[in-house]
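**Student:** In order, the protein sequences belong to chains A and B.
Sequential numbering of the first sequence, starting at 1, is according to this note's numbering.
Sequential numbering of the second sequence, starting at 57, is according to this note's numbering.
No lab work stands behind these hints, which were simulated from the structure alone.
Just to be clear, a hint being listed does not mean it is correct.
Partial pick of chain A residues on the chain B-facing surface, computed with a CB cut under 7 angstroms [said to hold, decoys possible]:
1. Leu-2
2. Ile-4
3. Ala-12
4. Gly-15
5. Ala-20
6. Gly-23
7. Gly-27
8. Ala-34
9. Asp-36
10. Leu-38
11. Glu-41
Computed from the model, here is a short list of chain B residues facing chain A with C-beta under 8 angstroms [unchecked claim]:
12. His-164
13. Val-270
14. Thr-271
15. Asp-347
16. Pro-351
17. Leu-358
Heads up, the beta-carbon is just placed ideally off N, CA and C, and yes, glycines get one too.
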Amino acid sequence: MLGIDDPWVVTAFLGAIAMAVTGLAYGLIRRNVAPDELTQEDRLWALDEKKVDDEL
Amino acid sequence: MAGSPAVGWIDIVVILAYLFVTGYLGWLGYRGTRSAADFLVGGRSAHPIVMAVSYGATFISTAAIVGFGGVAGLFGMSLLWLTVLNIGVGILIAFIFLGEPTRRLGHHLGAHTFPELLGLRYQSRGIQIFAGTLIVLFMPLYSAAVMTGGSVFAATQFGIDFDVALLIFALITAAYVIPGGIKAVMYTDTMQGFVMVFAMLFLLVFTYWTLGGVTEAHRALTDMADLVPGPLAAMGHQGWTAMPAFGWGAQSYDLWWTVITALVLGVGIGVLAQPQLIVRFMTVRSRRELDRAVPIGAVFILLMVGTPFVVGSLSNVWFAQHGPLLEGRVAEVIDAQKGRALVTLMKEDSSGRWQPIISPKTQAPAQAALIISERRAAADADGEAFELVAGRSATVVYTKGDADQIIPSYIAAAMPRWFGVLFFLALLAAAMSTISSQFHTIGTAAGRDLYERIAEKGGRREPSILVMRLAVLVGLVLAVTISYTVRQEYVVARFTAIFFGLCAASFLPAYIGGLFSRRVTRAGALASMVVGMTVSLFWLVFIKAREAGAIGLVQRLTDGKTSLLSAYPNWPSVDPIVVALPAAALTLILVSAVTRPPDEAHLRRCFPERRP
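Pulled out of the complex, with its shape left as it was, chain A reads as follows (with noise of 0.2 angstroms):
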């Protein structure tokens, strides 16, 4: 199949667009489905974050 004997070799190939395909159709599902707040807890931690980034 596609010029390779192997069957192992075959199922990589395939299955490594199998899993791209696998990703695209996971996020195509679930692109509204979680929530998406920012909590105040979230929002002290990026400050501290941006305060350890800047310094260095």
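With chain A's structure known, arrange chain B on it following the hints.
**Tutor:** Chain B in isolation, oriented as in the chain A frame:
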């Protein structure tokens, strides 16, 4: 193989223009709000493309493109299993299952580095210091792999010495990293990501087009199985579109254990425990942002690792069809009908007679399997007439067995000159986006995780910025020194695999346990990390022949053997991860089972969303 003509002024202008644009974007990033943390502070979210490509650009480096692409040129398409794991584990499992718990835990505990995340989760200064030390000591090995990959390409593409290329690469890295490139400016990473995408797409399409299409190219590669060099065939190489021979107890299975355990599992699983990638999850705004990044990340990684693995393998077809002619005398006919033979390679001396080429490795006449296209009469060194044959061979013959040279040699020989410059920019982009996060991780590990934690016990807590900068500088010097000193077979891929495997064995059980289990204890986590690291290092120094042989300690102890298990076939090819990771996981479970569980108040702080 000789490189292209020396670097021209157009090449220099294009490279400088690219560096200028990168620097300008970085500068804009400082003035505005362009880092991941800036987005969070501003209450906004980065575009999923920006987040995913930035993550991918950090993940993928010259190590994957030049190092592993070259290994695919040597060992073949079996390496595509690593692409499957890179996407399946590095994107799908990492983003879908680990991303959100990591983000939440990090924010609940106020952790900003990976060692700090582990230290706060297990309420252990020792764990934080241990993890920080491991990163500071071994991350430069991975940085060296990235630098070597870029330098090998620059040396081949522009026809300069490796040492000069490494010096230039180190200077560019220093110019990028030291004044502040280590800040994760997402737009810079993203621009670099897009350069990489374009280069990879063009490389893939051009290669298949040149070789007559997908099936045609694969078929031609399949038909080259009888050209596999003898030493590789003896290890179990069965052709570039076939898996290596699988089994246990004979040298002819060594390649399978090398490819699958060291390259595929070591790197494929090791990505989950990469400190510089794990901290990226904490800079994400929400689960939704993670979900949206999955498709872009998956396609990005497919292109970034799938392309060099396929192109590296197919470079063998290109060289067999279009490579420079090699000449010599037939030593053994492989397939008379197809005109294939094992040929003793020869060169013509000034008197017009033909002398064998002596291999610097074996000090014996060099031989290679050729597809013969020309035959004529010639005279050897003794003046005796013989039939001189000329033909082409697999890439590895042209690169004299050096896998790291395969991708650079293919691009220099097969691709248009302008693409070589563009590909160099893509490699520079891949290297810089990875190196910036590596040195950020080294700097914060040295400053926050080591200096601050150690100083804390002494009653002082001085600002650690100077320590961070010093660590970055020392790490850079160390990485350049390693790149300069160690030049062995597929060293880029091996250094990467060593670091990924070491991280997986040392960190993965404690990291996963810390995210999902309330029962894992501080003692269990620390014991698991110590066991994972110790077993990995023991295996590298005493068992795994390639690394142990290079380190040399085992030879002194055993009168020249390269492994304590050299009498037991295949064991010296097995990667440490196969032994160290299960040992570390088992230690985590057993020690946690017999030690006191963490206190309930701390667990409520770690997992406020869960009911006890």
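**Student:** If you test the structure against every hint from before, which numbers come out violated?
**Tutor:** Failing hints: none at all.
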